[in-house]
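**Student:** So the sequence shown is numbered by this note's numbering: it starts at 44 and just counts up by one.
Don't read these hints as lab results, they were simulated from the structure. The reader is advised that the hints may include incorrect statements.
To be verified - Per label pair, the in silico range of CB-to-CB distance:
| no. | residue 1 | residue 2 | range |
| --- | --- | --- | --- |
| 1 | D140 | K208 | 14 to 22 Å |
| 2 | K208 | G129 | 20 to 28 Å |
| 3 | I193 | A231 | 23 to 31 Å |
What the hints assert, rightly or not - Derived lysine-lysine pairs resembling DSBU-like cross-links, with alpha carbons at most 35 Å apart:
| no. | residue 1 | residue 2 |
| --- | --- | --- |
| 4 | K181 | K208 |
| 5 | K242 | K169 |
| 6 | K128 | K169 |
| 7 | K169 | K154 |
| 8 | K154 | K128 |
| 9 | K242 | K188 |
| 10 | K188 | K154 |
Just so you know, these numbers come straight off a predicted model, no measurement behind them. By construction, the Cβ of each residue, glycine as well, lies at the ideal position given by its N, Cα and C atoms.
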Amino acid sequence: MARSTTLAEASTSAVNDSSFGSDRLPSPQGEEGDVAMSRMTRLIAFGTLATVALATVSSAQTTTGQTTTGQTTTAQTTAPIFNMKGTWTGMGEAIMDGAPMFHPQGATGEKPAGDYRMRDVPFTYKIDGQDGLRFWGKVSTDVVKNERLIGSLSHNGKTIYMAGKVGLLDGEVIDANTIEMCYRHVDATSALVNCKIMKRQQ
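With these hints in hand, go ahead and build the complete structure from the sequences.
**Tutor:** In structure tokens:
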């Protein structure tokens, strides 16, 4: 609609503008030559104004496209950060060698796995604080209480990294109240891998 209006205005201005008449460009061919010259001059003026109008519309469209792209980029950058705060509980499925901190020899529920041991154990994460991507709290099991737990979300908002007292955890966000976490730990006397689904308690 903006483009049509501009062209119509350009056409009207070219036809009505007497400054392009024979007064400025007298012709030696007499009255008929003056009329012909006047018409030609008006046609040239119309073409010039139409070209300017098209360029203006094209520039406006390009600017609008750039603004839209900028708004999209801003919306992606300011996406809400996942809230880690709260109490999370889940059952860890561990396999281990030796006697790591959370799984001493003879602990409840352990069973043999060749030269190693397996054990299912309840875990609780209590995340007390969060600042942007970073968060902190405590982890407890049936044999260890309130051990250090610090972590950070990745910038994609889906991946979770944590560090406990002696090991590291990697995880991902499943939904608003569900995360999956896997713990890995190796030292001179023990090794452990433990994955679990954790649910936020309401």
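**Student:** Assess, step by step, whether the Cα of K169 is no farther than 35 Å from the Cα of K154, and give holds or violated.
**Tutor:** Judged against 35 Å, a Cα distance of about 28 Å means the pair holds.
**Student:** Please verify whether K242 and K169 have alpha carbons no more than 35 Å apart.
**Tutor:** Cα-Cα ~12 Å, so holds.
**Student:** Holds or violated: are the alpha carbons of K181 and K208 at most 35 Å from each other?
**Tutor:** Holds - the C-alpha atoms of K208 and K181 are around 10 Å apart, at most 35 Å.
**Student:** Between K128 and K169, is the straight-line Cα distance small enough, at 35 Å or below?
**Tutor:** Cα-Cα ~8 Å, so holds.
**Student:** Could you tell me whether the CB distance from D140 to K208 stays inside 14 to 22 Å?
**Tutor:** holds, 19 Å
**Student:** Run the distance test for K154 versus K128: straight-line Cα separation, threshold 35 Å.
**Tutor:** holds, 34 Å
**Student:** Run the distance test for K188 versus K154: straight-line Cα separation, threshold 35 Å.
**Tutor:** Given that 35 Å is the threshold and the Cα spacing comes to 23 Å, the pair holds.
**Student:** Range first: 23 to 31 Å. Now tell me if the beta carbons of I193 and A231 are that far apart.
**Tutor:** holds, 24 Å
**Student:** Next pair to validate is K242 with K188; report whether the Cα-Cα distance is within 35 Å.
**Tutor:** Cα-Cα ~19 Å, so holds.
**Student:** CB of K208 to CB of G129, is that within 20 to 28 Å?
**Tutor:** holds, 21 Å
No hint from the list above goes unmet by this structure.
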